[in-house]
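Engineer: Given next are the chains, with one letter for each unit.
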Amino acid sequence: MTAIWRSTVLALVLALGSASAFAAQAYKLRVDGLACPFCAYGVEKQLKAVKGVEKVDVDIKTGNVIVTVAEGTAFDEATAKKAVTDAGFTLRGFEKLPAQGSGK
Amino acid sequence: MTTPHGATRIKLASIIGLLLAAAGPAWGAPITFNTALPVQEDGWVLREQFVLSRNADDPDPAANRNMRASGVVSILGYGVTRDFALFGVLPYLDKRLDVNAAGQRVTRRDDGFGDLTLIGRYTAYTRDAPGRTFRIAPFLGVKAPTGRDDARDGLGRLPPTVQLGTGSWDFLGGAVVTHQTLDWQVDAQLAYRANREANGVRFGDVGGLDASLQYRLWPQELGSGVPAFLYGVLEANLVHAGKNRISGARDPNSGGTTLFLSPGLQYVTKKWIVEAGVQVPVVQDLNGTALKNDYIVNAGLRINI
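Protein chains in written order, with the numbering used here: chain A, 169 to 272; chain B, -15 to 289.
Since the hints were made in silico from the structure, they are not lab data.
Only a predicted model underlies this, so the values are computations on that prediction, with no experimental measurement involved.
Where a beta carbon is used, it is the ideal one built from N, C-alpha and C, also for glycine.
Every clue listed holds true.
To be clear about the criterion: a stretch of chain A counts as covered by chain B if any three or more of its residues have a C-beta under 8 Å from a C-beta of chain B, and this derived list gives those stretches: (1) 196 to 203; (2) 217 to 229; (3) 243 to 257.
In isolation and in its complexed conformation, chain B is listed as follows:
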């Protein structure tokens, strides 16, 4: 059976997994989740997103856990039709856990490609007007176990959260709503990820409710042509993870609810976008001895191909 320490860390992996899988690929759009704005038919959009997450606020001083996950998430979007787009999400991760064990400070780590997620998004409703648009787009996705899930070090098999992949086929779905004007944009997303069992562990399902406001800071007055925009971004992510099951039994030290607030900046041109934001947990209601999150940094680039 996984130790309470190991099990509680699974919640972190679930949250990051949902955020990565739901990360959107395009447009002046949310930094931490998707958008309903279109990918042109037969067009490609590439997003490279750097993510750094740190969890060092350990309620168990004896273990004094310190978990850090960083990586680059590559997201490629393709417009199959004007309404249907496919996205592939592939992270390259470096995971590291420092923990006190048997009187020693030990480090468990692995790096490499994680699990591949494929998402199909269909724009079910569009209402366009001069200088504004409103769209609703449901999406479905599947996460394939492409990442290594049986890595070992001198201490034995790495705990599940340090593994690059979960070993399971998981499914996600949801819907995103976007209202964009020339001055501002609002997005909201409801997402759910159903996790399945692998290696005797079934991570708790994860539900997320996200909201994003992007406000054009510059230029204050629009000129002619297609000027670049600087957006100020404020996002909120409410994430709830269910308890994990270890060999069929619920783990009381896993799962919980976290609310992130995420300020950021986005510079949008016709061909590319650069952006950065930081997710700060303002409410963390975690079960048992769950390891709390300190912050998640997102920075990246999106390119119209």
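Isolated chain A (complex conformation):
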């Protein structure tokens, strides 16, 4: 009986993890004007305040910001532009990246 429970729990965990991996969607934003670490905080904070945004990775050297959102999140260029603008910077590029965890 214990073994069955263990198997069930393990299967659930794997299923949830797999679902999460399939659900994640990433976007690459190109932000102009970012030139110091202290400024990057504002961009991160504004983007993380958007509903459904799970992760924000800033690369200050390239000005690229990778935003990972949960499945079903309405994250579009207008939303990204507002967040970047509110942080005091300029959105120059917006690109939807290929879905992560696509079963490979």
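Given chain A, work out where chain B should sit, using these hints.
Structural biologist: Relative to chain A, chain B alone:
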């Protein structure tokens, strides 16, 4: 009427006042003045700045004045919109004057909160490019007489420069220009402070022209992500103070021009900045028997909230 000794010291207070009021709150930015870099909308930035100023080079050996002012200046910035930010500047000061008077060495001092300054800054021009930005931001401010200006000791009412506040509502304005790249940053500021009369004293107006260069010393090569930066900082502050008016009459022993050079270091991370610098007067062209400045030390912390 204020003595020449007392009056000349007012210039020191004016200079420190302008520097404190114009001190910027954020970013990899100048240590001794403001920047045009943004405060995010609905975001807060806190700066705590320790300041120590010493003036002991007295051209009048009989008085042998020694003035020291130290304190912590708290600056809170809030981004109302992406272009408009408000700053509140509140110093906590300890002022001390040692002087020969009537054959004795006496000390006059007071400590406590000084005058509150509120500044509004609007970013009028922004040009962003990959890894760089150029901005122009005019600002206006008002200094409220919140600090004590009628303190007394056993010798009577303290001289105006030892008082924590001036007792007057003063106004300041100017503009700051910033050009920032991933490797370096240049800021320049033109500021003017119009002082008004209180307690029979009107401090001379103060104009300032400031420049700052910050150069990234470390890391020499940028990696991925958001690494911390170590900046070497070199700043110049040209400050001109007009003559004071005591009971309506110009005081010939007040006002003048000082040029400071200010080397410093700044360690900048995503969440906080620590920094330190020292302002050394390289040119002092002061009126009459003005008390010269020896140095001003600045050290502090800035936090993204």
